[in-house]
Every structure is written in C-alpha cells, then in structure tokens.
Amino acid sequence: MTAETDALIDHYITSRQLPDSPDQCDDLFAELLANILRIETAPGRSKQTIRKDVDTLFRAASGEIVYLEIKYNDDHDTGKFVDINRKFIKTYAGLVNHLGITDITQLKPILYYFNSVKRWGPIYTPSTNVYRGAQLFDEYFETSFMDIDVYLRNLGDDEDIIAIFDDLYQLVRYKA
Numbered sequence: 001m002t003a004e005t006d007a008l009i010d011h012y013i014t015s016r017q018l019p020d021s022p023d024q025c026d027d028l029f030a031e032l033l034a035n036i037l038r039i040e041t042a043p044g045r046s047k048q049t050i051r052k053d054v055d056t057l058f059r060a061a062s063g064e065i066v067y068l069e070i071k072y073n074d075d076h077d078t079g080k081f082v083d084i085n086r087k088f089i090k091t092y093a094g095l096v097n098h099l100g101i102t103d104i105t106q107l108k109p110i111l112y113y114f115n116s117v118k119r120w121g122p123i124y125t126p127s128t129n130v131y132r133g134a135q136l137f138d139e140y141f142e143t144s145f146m147d148i149d150v151y152l153r154n155l156g157d158d159e160d161i162i163a164i165f166d167d168l169y170q171l172v173r174y175k176a
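Residue numbers for the sequence shown follow my numbering, beginning at 1 and rising by one.
Just so you know, the hints here were simulated from the structure itself, not pulled from any lab data.
One or more of the hints may lead you astray.
Unchecked claim - Derived lysine to aspartate or glutamate pairs resembling EDC-like cross-links, with alpha carbons at most 20 Å apart: (1) K52 x D10; (2) K52 x D6; (3) K87 x E139; (4) K47 x D74; (5) K71 x D138.
As the list claims (entries may be wrong) - With beta-carbon atoms standing in for the labels, derived distance ranges: (6) K118 x V150: 30 to 38 Å; (7) H11 x A42: 13 to 21 Å; (8) R119 x D149: 15 to 23 Å; (9) S127 x R86: 15 to 23 Å; (10) Q170 x D10: 39 to 47 Å; (11) I164 x G44: 47 to 55 Å; (12) T49 x V150: 39 to 47 Å; (13) Y169 x R45: 40 to 48 Å.
All figures in this text were calculated on a predicted structure; none of them were measured in a lab.
Note that CB positions come from ideal geometry on N, CA and C, so glycine has one too.
Using the sequences plus the hints, can you model the full thing?
Structure, rendered in structure tokens:
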C-alpha cells in the first residue's frame, strides 16, 4: 500500500479515539474505504510492502469478495482492540492492491467474532462490517453455525482433537 494510505488509516484510528469523535462510524468508515480505494488505484503511486496475514477470503454467491478477520471473542483489552482494527483496515488496503479492486462493492471487509457477546461498540468498524455468531453463516454459508459451534465447544486437550477436526472438515467440505 502507499505511505499515504498507511498514514490515513493511522489517522482514522487515532481520530476515532478523541472525545469529540461521533458515536457512529458508518459514514466515516465508508469514506475511509472510498479514500483507500481512490489512493491505491491512482496511477504512479509508490507502494510499500507490508506483510499482513489474511484469515479468510472467499467469493460470495453475489460475486463480491469477502475478507474476514476472525476472532473467537470480543473480549480484548483496549490496546489489543485498537490493534485488531488497525490491522483489519490495513489488510483491506493491501487486498485492494493485491486483488486489483476497482470498485468498493467488489470487496467487503468483515470483522467476525465466533462468540456473539458484544463488548465493544462500533468505534472503528461499523456494525454492518462486524458479524457475530450465526450471522456470517446465515448470510454466506450452507453449513449451520450450530454445527461448527458444537465442535468448538467440545474441543480440549484431548488426543481425539485431530479426529474432531477431520470430522469438521468433512462436514464443511462435503455438505450438500
């Protein structure tokens, strides 16, 4: 991504922490994504290489590409919560470049929590881009969230853990 986008994201994260920042971030987040797209697709921009991992990337039935940053719980301390959102947005910017995204509707960033308990409000990422529990599975997958949740709840330090994951893979991979 460009140094300009990197600085833009850092400024966004910092400004959202200020007392006079609006409670809702829907419009600000949409404006941020639009600015990232504008900057990153402008010709002749010098790009810096920053490595970020991508938890999940898939194409939905609608054709849009969905980028997921996956966390089990929304129970992170303040500093970790800030870091998660910063990384989430910077990875989105990197994907805009890597995938050649030219329209904001082509790539949907989602911060996903397996657990549906909500600790933090929409400070950095609006509720439309934060999914919890069954919401993601209901919208995008044929596999039921409850099928996955049963496996996650029964995992532990058991020797049978590999077999459980193998069964889970079979369930997800070959679900009709």
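Now the hints, each set against the structure:
1. K52 x D10: It holds: about 16 Å lies between the C-alpha atoms, which stays within 20 Å.
2. K52 x D6: 13 Å, holds
3. K87 x E139: 24 Å, violated
4. K47 x D74: With Cα atoms ~33 Å apart, K47 and D74 exceed 20 Å; violated.
5. K71 x D138: At roughly 18 Å apart (the allowed maximum being 20 Å), D138 and K71 satisfy the hint.
6. K118 x V150: 30 to 38 Å: 22 Å, violated
7. H11 x A42: 13 to 21 Å: 18 Å, holds
8. R119 x D149: 15 to 23 Å: 19 Å, holds
9. S127 x R86: 15 to 23 Å: 19 Å Cβ-Cβ, so the 15 to 23 Å window holds.
10. Q170 x D10: 39 to 47 Å: 43 Å, holds
11. I164 x G44: 47 to 55 Å: With a Cβ separation near 52 Å, I164 and G44 satisfy 47 to 55 Å, so the hint holds.
12. T49 x V150: 39 to 47 Å: 41 Å, holds
13. Y169 x R45: 40 to 48 Å: Holds: the Cβ-Cβ distance is about 41 Å, inside 40 to 48 Å.
Hints 3, 4, 6 from the earlier list are contradicted by this structure; the remaining hints agree with it.
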